[in-house]
Each structure stands twice: as C-alpha cells, then as structure tokens.
Amino acid sequence: MELALQFGWGMMGHTRSLLREWGSGTVILSPRDLSDDQLRRFSKDVRKLNGELLVDPQFYLPHSHHHRLVAHEYWPDDYDSVVFWSGSELEALLTRLHDLNRDLDTKATLLPGLHGSSVSSDWLIQQQAILEGAERVGIPPEDSFATVALSDTALLSDANVEDLLEGSRDWSPHGVYLICEHPQGDYLVDNPTWLANQLDLIAGWRLRGKQVVVGYSNHQNLLAAAAGATAIASGTWMNVRSFPPDKFRVQYEEEIRRRTTWYYAPAALSEFKIPYLDIAARQSLLADLKPDHPFPQSHTAPLFSGAQPSATGFSERDAFRHYLQCLRIQSEAATDLSFDRTLDGLQSTLDNAERVLDGLHAVGVSGQGRDFGDCIGPCRAAIGVLKTTRGPVLRREWRNLTT
Amino acid sequence: MIDLNWLKAQFPALSGLTRLGRGGQKEVFTANHQEDGEVVLKVFHVGADRERALREVRVSLDLVDARIPDTYEVGTADSPTGEVLWVRERLIRGQNLRGVLAHGPLSGDQVIRAAMDLLDVLAAAEQLSIVHRDVKPDNVIAAEDGSFWLIDFGLARHLDLASITATGLPFGVGTPGYAPPEQFRNRKPEIDGRADLFGLGVTLYESIEGANPFRANARDNLEILRRTETTALPSITRAIVRGGGFADLIQAMTRTRPSHRPESVAYAREWLESILDER
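Those sequence lines, one after another, are chains V and R. Numbering-wise (the numbering used here), the first sequence opens with residue 1 and increments by one. Numbering-wise (the numbering used here), the second sequence opens with residue 1001 and increments by one.
There could be a bad hint or two in this list.
Quick list of simulated restraints, FRET-style, between CB atoms [stated by the list, open to error]: (1) R:Lys1188 / V:Ser86: 20 to 30 Å; (2) R:Val1064 / V:Arg208: 54 to 64 Å; (3) V:Ser86 / R:Arg1226: 39 to 49 Å; (4) R:Arg1185 / V:Ala92: 53 to 63 Å; (5) V:Gly384 / R:Arg1226: 19 to 29 Å; (6) R:Ser1274 / V:Asp105: 50 to 60 Å.
Using 30 Å as the maximum straight-line C-alpha spacing, the simulated DSBU-like pairs for lysine-lysine come out as follows [said to hold, decoys possible]: (7) V:Lys210 / V:Lys290; (8) R:Lys1188 / V:Lys387; (9) V:Lys44 / V:Lys107; (10) V:Lys290 / V:Lys273; (11) R:Lys1188 / V:Lys210; (12) V:Lys273 / V:Lys107.
With the C-beta cut set under 8 Å, the calculated list includes, among others, these residues of chain V facing chain R [stated by the list, open to error]: (13) Val137; (14) Glu162; (15) Leu207; (16) Lys210; (17) Gly384; (18) Val385; (19) Lys387; (20) Arg396; (21) Arg399.
The hints are simulated quantities; they were obtained by calculation from the structure and are not laboratory data. A virtual CB, placed ideally from N, CA and C, is assigned to each residue, including glycine.
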C-alpha cells in the first residue's frame, strides 16, 4: 500500500523535501490551500521532483464557501439549484476540472463528489450524475476516480455501506477516492463498526478491480492494507490526517493555531507531546519510543541522544517529516504477499503497540488525544470482521490486488 | 386433480401416463413418448399464474445445453374446467436430492459433482440474466449417472423483464432457509445470480453436513428468516477437497450480504475450478 501526500496548509516545503528524499511519490493537491497560481507553480515543482499529481476538487462540502476554494476558476457560481445536477452547470464544472487536470498533468482526475450524510437514493443519483457528466465531457473513466465523502453516521450504518456497495456496482471510474468523517471529530477512531465498515467498502471496491485511495488518513488507516487499499493519503496537521465533520472543523483549525509539536512513535502507533518524552526518559522507557530500523533517524536522533528531549530543539518541521517518513515505510510494509500474512503483520503491529503503551501508561506517559491505546481493540475487531466476511475472497484475489 | 383418462385422450403419443406429483401451480406426470422416450408432462392448473408459467417455459427453452431437462413440446389444451398450459420435457432418471439426503449426506465426490453441475446451470442462467430464486435440495435431481440437474424454474426471474412479484410486498418469493435476505426482504435491485449462489451454498452445506442450520428445529418460518439474516453457517466439518478452499467457497457463497458473496456465479465457478485444479 502506498502513501500519498495529502496537501494541506504549510506543506510545500515538506512535500519538496520528502519527494526529493523518496525520489518519487504522489501528491494530492488541495485548492483550498493553494491559489490557482500557486497550484500551477507548485505542480511544476512536484513534477520536477519526479512526483505525480492528483487534484482534490474539494467539492464535498460546497457550502463551506472557503474564500480560496471559491476563487478557483473551476468552482461554480451557483450550485444550489437542483437543476445544477442535471443541467449544463455540472458539465461546465467538469469541463473546467478536466482542463485543470490536463494543465497540471495529473495522473488521474479526482471527480467531484458531494458529502453524503447518508447513502440515500438522492445522493446516489447525484453521484451517478457526476460520473455520467464526466464521461460526457470527455474525462476517460480509466483515468478517473469517483470521490466518495461520507459522514460518520453513514459509515456507522451497515445498511448504508451495503447500499453504497450495491449502488456503485455500475460505476465506470477506474478508482474511488474515499473520504470518511471520523465519529465525534475524533482524530483516532475507537468505534469498531466505523473501522469495519470502512474496510468493507475498501475491500468491496478493490474486489471489483477499482483502485481505492483513502484520503485524509492517519496511521490508523494502516489497517486499510488488510482490505487491499491502493494507497492512503496523509499530511501534516490533523485536518489532513482525518476528515472532520463540519462542526468540528474549527477545532481542527485551532490545532494549527496552537502549533503543538507531537512526536510519532511508530512502535506505539501513538504521538506524544515532547514533555512526555522527558518523563519516558526519566522512567528509562524512552528507548521503547525510538524509531528503530527501518525507520529513519535523521529527524529524531537528537531526541534519543541522551539529552533531555525537550531541550533538543525537536521542531514541528522535524515532527511532520518524521511522521510522514515513518508512515510511508509502515504503509509499504503493511501489505504482504498474502492476505493472511498481511493480517498477521497488522496483528503483530497492534500487539507490539499494546505492549509498548502498557509500559508507558503504567508510569503515566500518554499520547492523550493521540494515544492509540483505546483503538487497539477496535482495530482488532475490525480486522476480525473483515477476515470473516471477506477473508475467503480476499485470500483468493490477493495477488491480483497487490501486484 | 386432472382426470387421467382425459389426459390420455389429449396425448395419444404418450403411454404409461403416471401421476408423479401435484403442486400449487401444476400437476406432473411421467410417461413414455413414441420418439422421445421417457418424459415428464407438466400440466398447469387452470387458475395457475399464466405469466409465471410462461416464464418458466421460456427459461427452459432459453437454457439449452445446460443441466436442466430439455423441453420437447409446449402447448395448451381445453380441459373440462378450462384451458390449461402443458409442457412435455425429458425425464431425468434419478432421485430428488431431498430424498437422497434423507438417507445421509453425499460423498465428497458427489458434493463436488453437484457443485460443478449446478454452478454450470446457474452460470448459463446468469448469462441470460435469469435468476432461479429457489435453489434447494427439492429442486435438484441426483441422476442415476451421477450428474445433478436443476429443475423447477417456477420462481425464476428474468432480470431484463418486468418483475411479476409486487415491488411493495414486504416479503419476496423463495423458500425460507434457502433464499437469501435480499430475496425474502424483496430488495429487488440487489437480486441477481448472487441470490442463487446463496441457495446453492446452503444446499451444498446441507449435502455435506446432513442438515440446514437455518431450518433445523426452527419454531416457524420467521425463526428461519431471522437465523438466515443474523447468523452465518457454521464451518464445514468434513474436508471435501484437500486444503480449506472448498469450505471458503461455501462460506463466501452463503454470506448474508450479497456484496460479501462472490461477484457472480461465473466467478464462483471459476473459483471452484481453481480449487479442483489445485487438488
């Protein structure tokens, strides 16, 4: 499973640096965070660095009226009327998006998709209208992804998930760009039904031969490897590592304002504020948080040099790059040669995280809102459901899904 | 009940007409035909649903070369109570699978043969957008030569034609314990070949284990439907093919949600072939 970079606020430098280091990679550009001019200039930079591009049109919540989004040329003036979905306005939007994708030389077109508070027949009709409109304006299905943006309520409903899988059987695009709101705006999800249903959607589409890119992901979506996901996309701030329900958006923006630095410990699947690393050091547990091989030490070496971690100057920049470096390695390693080996690998990652966290919790070291402790059980439960419901078919198709 | 003497007079080419059974829609007879040999004669009741009967006939005419009995002739006759539709088809010598299972489960080889033969028929039906909707041991003939045949397309649906079952009805057609949830819940857009995979999966499970857990000791039909909707079949206890592949296939075919079953009958047949290749 690949890691794509989900572009967000202040990510240009990180993207350039990471692509330079990786030698390649996919970047999902965010018109919400880039003006039209920046979009064009930055996409050139990405291509120069051997990167590939996708543009998320971010039409899932058109009423959000973000000033930079509405300033983009493709953004329609009026999308309130029902006629928009059956008239020329939709085709105009798709034509402009098609032009933008061609100008930026993207590897595929992410089609717009409206946020679904539930998977209703009306929502499915709108999705279908977009897909049909895209074909009419000449966007080839083999080069396009349908965007599926779902509310937490929709994803918590087994019936909605089944309706979506059944309702999308005839969708023509080559792939699905899946964006799922987290329950209660939580960064990490501790609801096993939500997790199991997300895996079910991914596996359902993958088994139909669709590529599935799971947008707005954090490391919890390493689970998506069990369902054969093509890629997860993640970024720097919390608002590009999880798709917040609209009412929690402000809370996510607040995180950027506060600028707290979090250190990601891949073995614990958790992030910690730096003062907690000081405590872990004093309790002789810092070594448990050290990113051992194959994770790079370049950004984190000072933290584990013996000095007090909070005195090492570990910066926000280091934290972001370290997180994405680790996540890329974990994503690539998450997919194994067989379905069962992939599940075993994920189970072992969860077991190890549990062991590390037990030790840390015993001495009061916690990742607070980014501590994975409460998510381990739900993740195991979700994997268990996937194994029961789709295991036989995934086992049989694994090679086709992952090569 | 149809008068045998009247029937003999209508079909002078048939000898040895013997009543085989009587159902809600038709009466079935066996006989010898001068040219075609042993045959089955189905005579639909005067009050039978004519459109449904014609669909059954049409399905059997469309599905040539599949393991369903050949249809030789179709016609109508004026009976003392009104006009009746009749169908004359090949008699498959053998026993209904329900009767076979009354004496115990099938052998491993028989299960594999049943799976292959019935997947063949259902895949042919799927190609023509036909769903049988009532795959169960009662509708399978275990022939004397070891092959398995699917009969009674009386509930079949042609997906490209308008539905005969009213869309608003809370329950659809089918047999409790063999029909999948989307079928008995009458969720028509979800019904396709995967519904038949469910019925076949349960039939094969019963052929292996000797019982259908959805039906065994159930209080009533509602209890059967509840079990079908909320529980999965237990794991198969007999190894039919070396490795777990066959058990996996049955498990996948009988998943509650259609999206969790193999994508199509053709896919399931391919899967079975690959399991057998790897033996």
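Practice item. Indicate whether the distance between the beta carbons of Arg1185 of chain R and Ala92 of chain V respects the range 53 to 63 Å. Key: Distance hint for Arg1185 of chain R, Ala92 of chain V is violated at roughly 41 Å.
Exercise for review: Using the Cβ atoms, figure out if Val1064 of chain R sits within 54 to 64 Å of Arg208 of chain V.
Suggested key: Violated, since Val1064 of chain R and Arg208 of chain V (Cβ atoms, about 31 Å apart) do not stay within the stated range.
Check your understanding: Quick one, are Lys1188 of chain R and Lys387 of chain V close enough, alpha carbons at most 30 Å?
Key -> Given that 30 Å is the threshold and the Cα spacing comes to 28 Å, the pair holds.
Point to revise | Hint consistency between Lys273 of chain V and Lys107 of chain V [alpha-carbon to alpha-carbon, up to 30 Å] | key: violated (37 Å)
Review point. Close enough to count: is the Cβ of Leu207 of chain V nearer than 8 Å to one in chain R?
Key: holds (7 Å)
Check your understanding: At the C-beta level, are Ser86 of chain V and Arg1226 of chain R separated by a distance inside 39 to 49 Å?
Key -> Because 42 Å falls inside the window, the suggested range holds.
Review point. Does the structure keep Lys290 of chain V and Lys273 of chain V at a Cα separation of 30 Å or less?
Key: holds (14 Å)
Check your understanding: Given the proposed pairing of Lys44 of chain V with Lys107 of chain V, does the C-alpha separation stay at or below 30 Å?
Key -> Since the Cα atoms of Lys44 of chain V and Lys107 of chain V sit roughly 13 Å apart, the hinted pair holds (cutoff 30 Å).
Review point. Can the restraint linking Lys1188 of chain R and Lys210 of chain V be considered satisfied, given a maximum Cα separation of 30 Å?
Key: holds (25 Å)
Review point. Can we keep the Gly384 of chain V interface hint, with Cβ of chain R closer than 8 Å?
Key: Violated: closest Cβ of chain R sits about 13 Å from Gly384 of chain V, beyond 8 Å.
**Study point:** 30 Å Cα cutoff - pair Lys210 of chain V, Lys290 of chain V
**Key:** Roughly 37 Å separates the two Cα atoms, so the pair is violated.
**Study point:** Supplied contact hint for Val137 of chain V, tested at 8 Å Cβ to chain R
**Key:** violated (28 Å)
Of the numbered hints given earlier, the model fails hints 2, 4, 6, 7, 12, 13, 16, 17, 18, 19 and 21; all others are met.
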